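Visitor: Line order of the protein sequences matches chains P and E. Okay, so the first sequence: first residue is 1 according to this note's numbering, each after it adds one. Okay, so the second sequence: first residue is 1 according to this note's numbering, each after it adds one.
It should be emphasised that the hints constitute simulated quantities derived from the structure, not laboratory data. Heads up, some of the hints might be wrong.
Claimed, not checked - Listed below are several chain E residues computed to face chain P (Cβ distance under 10 Å; list not exhaustive):
#	residue
1	Leu55
2	Thr59
3	Arg82
4	Pro89
5	Leu100
6	Thr104
7	His139
8	Ala143
9	Thr223
Predicted model only: the values in this text are computed from it and were never measured. Virtual Cβ for every residue (Gly too), placed ideally from N, Cα, C.
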Amino acid sequence: MKSRVAAFTFVALILAALIAVALATGPKGFGWGDSNGLMLLRTPRVLAALAAGLALGIGGAAQQGVFRNPLADPGLTGVFGGALFGIAILLGLAPDIAWQKSWLIPAAAFGGALTVSAVLVTIGGHGSTARLLLTGLGLNAFTAAGTLVIAARSGESRELLTNGAYGDWLGMATIELTWFPALLCLLAALLLLTLARSLDLLSFGEDAAKGFGCDVPSVRRRAVLLTALAAAAATCLVGQVAFIGLLAPHLARTLIGPRHALVLPFSGLLGAALLLGADTLGRGLWPQLPLSAAAVTAILGAPVFIWIAKSRHE
Amino acid sequence: MSNAFVIRALGLGVELNGRRVIDGVSLCAAGGTLTAIVGPNGAGKTTLLRALAGLTPRTDGTLMIAGADPAQIGAAEAVKTRVYCAQRPACAWNYPLTDLANITSRPEAFADWLVKLNLEEVIDRRLAELSGGEQKAVHLAFALSQLAEPFGHAILLDEPTDSLDLRRQSAVRLALRGLAQSGAVCVIATHDFELARHCDRVLVLAEGRLIAEGTPADTLTPTVIREVWGVDLTAIPSSR
């Protein structure tokens with residue numbers, strides 16, 4: 001119990017420190033050299049990274065809970081790919097109206113993420129880890145190819161979509177673009193927290209959970225819907241970022257145990273810290289040639305992913 | 001008179017993938033009784049138990065448990081009329097037992113059951129650190145702790161003594177008798193003849209049909225066993 005409070009406090013302090021560093025980091029690198037005006041300009045970017053990281057962390061933990069599988073991650077199972085594909089379809093079909101309403105792009109992302117989730121649950125939801133991940137692999141490849149095809153054919157959105165595929169949208173965060181998806185991230189995260197006990201019961205298997213009084217189809221439906229919403233909203237803010245939804249829950253489980261009432265919020269905190277840290281590192285290390293948040297998470301996350309896979313089979 | 005029955009299942013039929021797995025099985029059980037379902041592998045014991053729990057949709061028959069059909073009411077309501085524990089529970093995450101107490105709806109009852117099933121010495125371990133039998137006992141404790149009140153409720157257990165050591169097997173038998181004495185109906189699918197002989201009534205199932213029904217002495221006879229299992233009991237010293 002004590003160690004859990006300590007772990008929460010520790011991550012909260014790290015997050016606070018990261019926010020301070022992120023607000024201070026500018027085109028000249030780390031440091032407090034810039035004026036307050038510049039700090040205000042950076043606020044949307046920091047907020048976007050925090051909201052997206054929160055949604056990615058909780059969304060990853062929820063998806064792992066629903067599939068009862070520590071390797072499920074909206075990045076690997078193609079849900080992010082679906083969200084970006086949804087955005088690509090909107091930009092490809094109706095580039096003129098896409099920016100007229102602030103909810104249009106998030107709605108398109110949600111549609112894409114939900115479609116991929118539905119296919120994932122139908123085909124890969126009841127079988128083995130291999131089946132789930134192979135289905136995800138296929139969906140990932142398909143949506144990535146679809147996004148690239150649309151990007152290649154639409155001149156004006158080409159750079160935008162390519163940047164999205166590389167997870168490099170944080171740089172264009174403004175309050176106008178950020179507020180609505182950030183709100184959706186927060187909403188999805190809060191609603192996912194209410195599923196904590198059901199996800200605990202579900203960890204005993206569908207049958208046992210039903211026997212324990214858990215309305216499994218309804219829980220599954222809500223979790224998939226909310227994870228898709230979290231993934232879609234996060235994609236609108238950063239583009240595609242893999243590994244956060246995988247790393248944050250894994251770290252959370254190692255630090256505070258597997259109970260979802262703790263894992264979900266803790267994964268959210270860790271996700272926010274990881275994404276903000278990655279973004280700040282990416283633009284602070286080489287200010288002239290900034291790296292995208294997704295590139296940094298992949299560079300740091302991929303070895304950890306391999307380490308998880310290795311330690312699971314020992 | 002019929003109201004005395006906690007479980008009233010009439011003419012149950014279940015089809016899975018076009019195959020008739022349960023065919024016209026009826027089971028009525030009053031509060032305070034222990035019923036065992038026995039039969040060879042693949043006889044349909046688990047399916048019958050799942051159908052009784054409302055977890056497997058049935059194609060025929062009517063079912064009432066404590067005045068409601070568990071397949072018709074929601075899962076949250078059904079758990080108030082019956083508890084169900086699967087044969088081979090597997091948990092996706094490595095919970096400490098102390099966390100499981102927080103997950104169950106009735107932590108005190110869970111702690112009581114851990115003691116009743118001789119698990120108090122492993123209480124600060126995690127699930128993966130327990131043996132298969134201990135995990136099974138924890139799962140039983142978790143399932144049974146969901147029951148607020150034994151009286152007038154059904155307890156449906158699939159192989160409750162499977163992989164348990166002798167001490168825990170006898171603890172389970174004792175606990176089931178205790179639950180029955182408090183007015184619950186226990187229905188158990190089992191291969192454990194020791195447990196079946198401890199029950200008030202035995203249903204012998206083969207290929208989804210009821211072959212014999214009655215007291216253990218009437219049903220678990222060498223004749224029935226030779227007919228259903230194809231085994232000559234005199235050759236097995238322990239069961240006589």
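Visitor: Look at each hint and say if it fits the structure.
Guide: Structure-based check of each hint:
1. Leu55: Holds, about 6 Å.
2. Thr59: violated, 19 Å
3. Arg82: holds, 9 Å
4. Pro89: Given a least distance of 6 Å, the restraint on Pro89(E) holds.
5. Leu100: Since chain P brings a Cβ to about 9 Å from Leu100(E), closer than 10 Å, the hint holds.
6. Thr104: holds, 8 Å
7. His139: holds, 7 Å
8. Ala143: holds, 7 Å
9. Thr223: violated, 36 Å
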